[in-house]
Amino acid sequence: MKSEFARIIKEARDSRDYSILTNGIPYASLIGMQCTPMDDDALFTLPHQMSNIGNPILPAIHGGVIGGFMEMSAALHLMLFMDEPRLPKIIDFSIDYLRTGQPKDTYVQCEVCRQGARVANVAVTAWQGKRELPIAIARGHFKLSRGSV
Amino acid sequence: MSLIKAGRDGIELEMPYDDRLVGNPETGVIHSGAITTLMDSCCGLAVFTRMEQLEACPTLDLRIDHMKTTEPGKPVRAFAEAYHITRSMVFTRGVVYQESRDKPVAHAVGTFMLLGRNSMKSMQEHFQ
Chain A
1 MKSEFARIIK EARDSRDYSI LTNGIPYASL IGMQCTPMDD DALFTLPHQM
51 SNIGNPILPA IHGGVIGGFM EMSAALHLML FMDEPRLPKI IDFSIDYLRT
101 GQPKDTYVQC EVCRQGARVA NVAVTAWQGK RELPIAIARG HFKLSRGSV
Chain B
150 MSLIKAGRDG IELEMPYDDR LVGNPETGVI HSGAITTLMD SCCGLAVFTR
200 MEQLEACPTL DLRIDHMKTT EPGKPVRAFA EAYHITRSMV FTRGVVYQES
250 RDKPVAHAVG TFMLLGRNSM KSMQEHFQ
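If you read the protein sequences in the order shown, they are chains A and B. Oh and the first sequence: position 21 is 21 in our numbering, straight run, nothing missing. Oh and the second sequence: position 18 is 167 in our numbering, straight run, nothing missing.
It is possible that part of the hints are untrue.
As the list claims (entries may be wrong) - Here are the simulated lysine-lysine pairs, DSS-like style, with alpha carbons at most 27 Å apart:
| no. | chain 1 | residue 1 | chain 2 | residue 2 |
| --- | --- | --- | --- | --- |
| 1 | B | K223 | A | K143 |
| 2 | B | K154 | B | K252 |
| 3 | B | K154 | A | K143 |
No wet-lab data here; the hints were simulated from the structure.
The following block holds chain A by itself, in its conformation from the complex (with noise of 0.2 Å):
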């Protein structure tokens, strides 16, 4: 499959700049989120934004967004870290909430549990303030295409 989003993948990976990346993606660009190297891994970030929050008395994210967040980021890690670049689908996603998503910037790191041929197992934390104390954590199944984009 040679796509324009394909090569925008490609272009991802080779300059290390994943900004393309999010803001060739609508949702992604709807939300705000960002992704940033690190080291061999990417941190993504949501920063803060009041069309994001879900609840504005207390106020606090919607739930949903930050499993949107969550989903996006793991879909991206995939496309970013994979040995070769290829297009993930989800299959299914669970989001345990730990703890009220506070109207400040949100971070999130993903962890490739099994990469297989088919199919890979995410894992995915989200937190605030400090890593030890997640928000929510969420795992991801996602169906990988066949062969290289």
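Mind docking chain B on chain A? Use the hints.
Leaving out everything else, chain B in the frame of chain A:
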């Protein structure tokens, strides 16, 4: 998102198609994260249908199974019901669909906590 129906048996929401929700710019398919937000809202509202009194009810966990990709250009509907309630927990389940409810694109299961009637006091004061 708009409310289509609300009753003791459940909640139905609709999310119109929007270019800003796209996850794959090539196909125009909306990102699964938008479905997660829709289902968190729908399951969360389904909790209210079974409550005797107004309480705060944070999401404890949410699991979504994506069976099919959604069709671009068409709205997405969600239906969720609270199928079991205890003094401190509400168990919900729901489906996401486009054509009809018996052809779901995704399934969701969510557990919510009930924090007691005092938990809503500050919120009610805010609205009064």
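For each hint, the structure was consulted:
A distance of roughly 24 Å separates the Cα atoms of B/K223 and A/K143; the hinted pair therefore holds under the 27 Å criterion. Annotation: proposed proximity of B/K154 to B/K252 holds, straight-line Cα distance about 19 Å (limit 27 Å). Distance check on the hinted pair: B/K154 and A/K143 sit about 34 Å apart at the alpha-carbon level, beyond 27 Å; violated.
The earlier numbered hint that this structure contradicts is number 3, and it is the only one.
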